[in-house]
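Colleague: Going down the list, the protein sequences come from chains C and P.
Residues in the first sequence are numbered consecutively from 178, following the working numbering.
Residues in the second sequence are numbered consecutively from 178, following the working numbering.
The hints are simulated quantities; they were obtained by calculation from the structure and are not laboratory data.
Take these hints with a grain of salt, some might be off.
[Claimed, not checked] Taking CB as the label site, the calculated pair distances span:
#1 Asp331(P) x Gly230(C): 54 to 62 Å
#2 Glu332(P) x Arg377(C): 19 to 27 Å
#3 Glu395(P) x Gly230(C): 26 to 34 Å
#4 Val240(P) x Asp233(C): 16 to 24 Å
#5 Pro279(C) x Arg283(P): 21 to 29 Å
#6 Arg377(C) x Asp387(P): 42 to 50 Å
[As the list claims (entries may be wrong)] Not everything, but these chain P residues come out facing chain C in the computed CB check (under 8 Å):
#7 Met178
#8 Arg300
#9 Ala321
[To be verified] Straight-line distance between alpha carbons at most 27 Å, and here's what the computed DSSO-like set of lysine-lysine pairs gives:
#10 Lys190(P) x Lys393(P)
#11 Lys190(C) x Lys190(P)
#12 Lys393(C) x Lys190(C)
#13 Lys190(P) x Lys393(C)
From the three backbone atoms N, C-alpha and C, an ideal C-beta is built for every residue, glycine too.
Number of protein chains: 2
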Amino acid sequence: MEVLVPFSTDRPKSRLSTVLAPDERARFARAMLLDVLDAVGAAGGEPCVLATGAVDADLPCPVTIDDRPLTDAVNAALDARLGASGAERVAVVMADLALATPDALRELFGAGREADLAIAPGRGGGTNAFVAGHPAFEVDYHGASYLDHRRIADEIGASVAVVDSHRLATDVDEPADLAELLIHDEADDDEGARAPRWLREAGFALDATDGRVGVKRE
Amino acid sequence: MEVLVPFSTDRPKSRLSTVLAPDERARFARAMLLDVLDAVGAAGGEPCVLATGAVDADLPCPVTIDDRPLTDAVNAALDARLGASGAERVAVVMADLALATPDALRELFGAGREADLAIAPGRGGGTNAFVAGHPAFEVDYHGASYLDHRRIADEIGASVAVVDSHRLATDVDEPADLAELLIHDEADDDEGARAPRWLREAGFALDATDGRVGVKRE
Numbered sequence: 178m179e180v181l182v183p184f185s186t187d188r189p190k191s192r193l194s195t196v197l198a199p200d201e202r203a204r205f206a207r208a209m210l211l212d213v214l215d216a217v218g219a220a221g222g223e224p225c226v227l228a229t230g231a232v233d234a235d236l237p238c239p240v241t242i243d244d245r246p247l248t249d250a251v252n253a254a255l256d257a258r259l260g261a262s263g264a265e266r267v268a269v270v271m272a273d274l275a276l277a278t279p280d281a282l283r284e285l286f287g288a289g290r291e292a293d294l295a296i297a298p299g300r301g302g303g304t305n306a307f308v309a310g311h312p313a314f315e316v317d318y319h320g321a322s323y324l325d326h327r328r329i330a331d332e333i334g335a336s337v338a339v340v341d342s343h344r345l346a347t348d349v350d351e352p353a354d355l356a357e358l359l360i361h362d363e364a365d366d367d368e369g370a371r372a373p374r375w376l377r378e379a380g381f382a383l384d385a386t387d388g389r390v391g392v393k394r395e
Numbered sequence: 178m179e180v181l182v183p184f185s186t187d188r189p190k191s192r193l194s195t196v197l198a199p200d201e202r203a204r205f206a207r208a209m210l211l212d213v214l215d216a217v218g219a220a221g222g223e224p225c226v227l228a229t230g231a232v233d234a235d236l237p238c239p240v241t242i243d244d245r246p247l248t249d250a251v252n253a254a255l256d257a258r259l260g261a262s263g264a265e266r267v268a269v270v271m272a273d274l275a276l277a278t279p280d281a282l283r284e285l286f287g288a289g290r291e292a293d294l295a296i297a298p299g300r301g302g303g304t305n306a307f308v309a310g311h312p313a314f315e316v317d318y319h320g321a322s323y324l325d326h327r328r329i330a331d332e333i334g335a336s337v338a339v340v341d342s343h344r345l346a347t348d349v350d351e352p353a354d355l356a357e358l359l360i361h362d363e364a365d366d367d368e369g370a371r372a373p374r375w376l377r378e379a380g381f382a383l384d385a386t387d388g389r390v391g392v393k394r395e
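Next up, chain C with everything else stripped away, as it sits in the complex (with noise of 0.2 Å):
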C-alpha cells in the first residue's frame, strides 16, 4: 500500500517555537520524518513524500513536492490514486508521528483493508493517520478534522473503522509532546529511533519536579 506522508518544510513545528529554534525545529522535525518513514517501511507501507518543498535530508523513499496547503495537496495526491490510477487504496501518515511503531501502523493498514476509511484520531480532534480506498472521499484538515472526516465518509456511503492507539494520536507539536516521546523511548530502548536520540543529544530530559511529567533542558 502506497503511503504519503505529508511534510512542511516552510517553518516546520511552530509550536514548539518556545523550546526549539527555528533550525532546531527544522532538524528535529526531519528526525521524526525519517523515524515515520522506517516506520511506515516496516509495517509493510510503500512511503512516498509529499513536501511542500525541497527536504534537506537523504530520504529513503520517492518524493512529490506540492506547495500548496495540506488539505488540497492531500486531495489532489487521492484524486490521482484512488481516481486516475486506480489504486485500492491509499494511507496518509503524518510525518510528526513519532511514536509511531509499526505495530501501531499494522493495525491501521489492516483496518484500511477491510473497511473504505480507517482513521487514527489524534489529540485534539485532528486526522493523525487514515487509510481510504473509496474514490470519493476527500480531506478537510481545519478544525477538528477527525469529526469532519467521519462525517464526510457518512455522506459518501464509507465504511468506517476506528483505530485506537495512543501512538497514532499523539502528533508531535507542543513541548508537552516532547515528554511522551522520551517516556515511551525510554520504555521501549529502540535505539534506532532518531528524533527521541535527537531531542537528548540537545539536552532534553524527562522533569517531574512539579509532581507531573514533563522536559527540561540542560
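Model the placement of chain P on the given structure of chain C, informed by the hints.
Modeller: Quick look at chain P alone, frame taken from chain C:
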C-alpha cells in the same frame, strides 16, 4: 476478573478548578466513575470501587473504603487478592477514564490473561489501567509511574504487555481533556454516556475558534 476502580472523594479533579466549581467537579467525577463502571461490566469485568470515603452515588457494584494514599490502598488491595485470596489476576482501572469503551477494556483484559502485567500507559507517563497476575507486583503512582511499573515488572521477572489505546491513555483531568471527551462522544453517538452529557448540560461545547480544538462554556 475483578476490576478495582480507585476513586477519590476528597477534592476530586482539582486540575479542573479553572473551569468547574467544587460541587460540579464532584458531580462530573461521579458521572465519569459510573461510565467507567458500565464499560468495565460490558467488557466482562467485575468492578469494585476502591474509594477514599463514602461515594454519594447509586453504584452498581461493591465499594471498599480505604482512606490511605492511592499507592498504599492499591498495594493493599493487590496483596489481599493476589496473595491471600489466591486470585490469578486483578485489574485496576482509573475512575477518570471517561473515554474507555468495552472494546478498549477487553483488549486490556485479554492482554492481562497472556502476560504477568498488562499496562495501558496514560498521556504523561501515568498508569491508567493495568492487569496484574504476578503476586510480587506492586504499584508506585508517584511521577512517571508507567516507567516505574515497567521497571518493577523487570525486577520481579514479570512479563509485560503494553496496551496502546488513546482511549485508555486519556485520563480526564484538565480542561483540554474535556474536548477529547466531547469529540469522541460526538463521533460515536453513545447516548448512554453520562459524563459527556453532563458536560453538555453544564454548557460546554467544542470550540475551534483559535485554530485548535478546545472547549467553551455558554
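Colleague: Lying within 54 to 62 Å: is that true of the beta-carbon distance Asp331(P) to Gly230(C)?
Modeller: Hint violated: Cβ distance 45 Å, outside 54 to 62 Å.
Colleague: Please work out if Lys190(C) and Lys190(P) have their alpha carbons no farther apart than 27 Å.
Modeller: Not OK: Lys190(C) and Lys190(P) at ~31 Å, beyond 27 Å, violated.
Colleague: Hey, Lys190(P) versus Lys393(P), does the alpha-carbon distance stay inside 27 Å?
Modeller: Within the cut-off at roughly 18 Å; holds.
Colleague: Quick one: are Glu332(P) and Arg377(C) within 19 to 27 Å, going by C-beta?
Modeller: 24 Å, holds
Colleague: Verify the CB-CB distance for Val240(P) and Asp233(C) against the hinted window 16 to 24 Å.
Modeller: With Cβ atoms ~60 Å apart, the hint is violated.
Colleague: Holds or violated: Met178(P) as interface residue toward chain C, Cβ cutoff 8 Å?
Modeller: 21 Å, violated
Colleague: Please work out if Lys393(C) and Lys190(C) have their alpha carbons no farther apart than 27 Å.
Modeller: 18 Å, holds
Colleague: Is it true that Glu395(P) and Gly230(C) lie within 26 to 34 Å of each other by Cβ?
Modeller: 43 Å, violated
Colleague: Tell me if the interface restraint on Ala321(P) is satisfied: Cβ within less than 8 Å of some Cβ in chain C.
Modeller: It holds, given that the least Cβ distance between Ala321(P) and chain C is near 5 Å, below 8 Å.
Colleague: Return the status of the interface hint for Arg300(P): holds when the least beta-carbon distance to chain C is below 8 Å, violated otherwise.
Modeller: Holds, because the Cβ-Cβ distance from Arg300(P) to chain C comes to roughly 7 Å (cut-off 8 Å).
Colleague: Decide if the proposed pair is consistent with the structure: Lys190(P) and Lys393(C), CA atoms, cutoff 27 Å inclusive.
Modeller: Given that 27 Å is the threshold and the Cα spacing comes to 26 Å, the pair holds.
Colleague: Can you let me know if the beta-carbon spacing of Pro279(C) and Arg283(P) is within 21 to 29 Å?
Modeller: For Pro279(C) and Arg283(P) the Cβ distance comes to about 23 Å; the hint holds.
Consistency with the previously given hints fails for numbers 1, 3, 4, 6, 7, 11, ordered from lowest to highest.
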